[in-house]
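Kindly generate the complete structure, drawing on both the sequences and the hints.
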Amino acid sequence: MSVESALRDGDGAGFELIETMRWEPGSGFLRFERHLARLYASAAELGFACDPERIGDVLSNTVNGHGIALRVRLALRRNGEGTVAVQPYEPLPADKVWRLQLARIRLDSTNLLLRHKTSLRQVYTHARAEYLATRADEVLLANERGELCEGTITNLFADFGDGPLATPRLDCGLLPGILRGELLDEGRAVEAIYS
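In this note's numbering, the protein residues as written are 1115 to 1309.
Mixed in with the good hints there might be a few duds.
Label pairs and their computed distance ranges (CB to CB) [claimed, not checked]:
#1 Ala1183 with Glu1296: 14 to 24 Å
#2 Ile1219 with Leu1144: 25 to 35 Å
#3 Thr1197 with Gly1142: 15 to 25 Å
#4 Ile1307 with Leu1214: 17 to 27 Å
#5 Val1211 with Ile1307: 20 to 30 Å
#6 Ile1267 with Arg1302: 32 to 42 Å
What the hints contain is simulated information worked out from the structure, not anything from laboratory work.
From the three backbone atoms N, C-alpha and C, an ideal C-beta is built for every residue, glycine too.
Below you can see the structure in the form of structure tokens.
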């Protein structure tokens, strides 16, 4: 499914582009340039107005004066208006082991909207709803061919012990995550198909 057909058929009416970033006092936003590049590319492809100066201003005005690490969520409307919500950043314990489950619902690898971080989260919400919170910390999604794609809030990486991490290919139907892109660029991950 092309982006154009999804939008034409009403699948994306009224959605926003989103970026969720970590901000630290003193050092600022983590991987900031990558987040902005993804936002600007999505805005251009999907026909959203996007003024980098306004985006910078709304982000700066929101985080200025905070003395703690923050989780910052930027939402960009089609008209270019941006809103920001913040909450304290809470890191996971280093020894946290996640309980994973596989969703019954499948992603459509031809849906190009999956390659953009948007407020269209229904498929991820439905996948998480398949399991009680006590049974799954994260729910993994596969596509119509049974290929693993991503988690509801994470990109996937597998360590097969013989080289770089493996992460699903974009054509499986997934969001090109920020950390995923960094690890691919650094040669610490390679794209693969696994099921």
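Okay, the hints, checked on the actual structure:
Checked against the given bound of 14 to 24 Å, the beta carbons of Ala1183 and Glu1296, roughly 19 Å apart, stay inside it. Checked against the given bound of 25 to 35 Å, the beta carbons of Ile1219 and Leu1144, roughly 31 Å apart, stay inside it. Checked against the hint of 15 to 25 Å, the pair Thr1197 and Gly1142 passes, with Cβ atoms roughly 20 Å apart. Here the CB-CB span from Ile1307 to Leu1214 is close to 19 Å, well matched to the stated 17 to 27 Å.
Taking 20 to 30 Å as the suggested C-beta distance range, the pair Val1211 and Ile1307 conforms, at roughly 26 Å. Roughly 21 Å separates the CB atoms of Ile1267 and Arg1302, a value that falls outside the hinted 32 to 42 Å.
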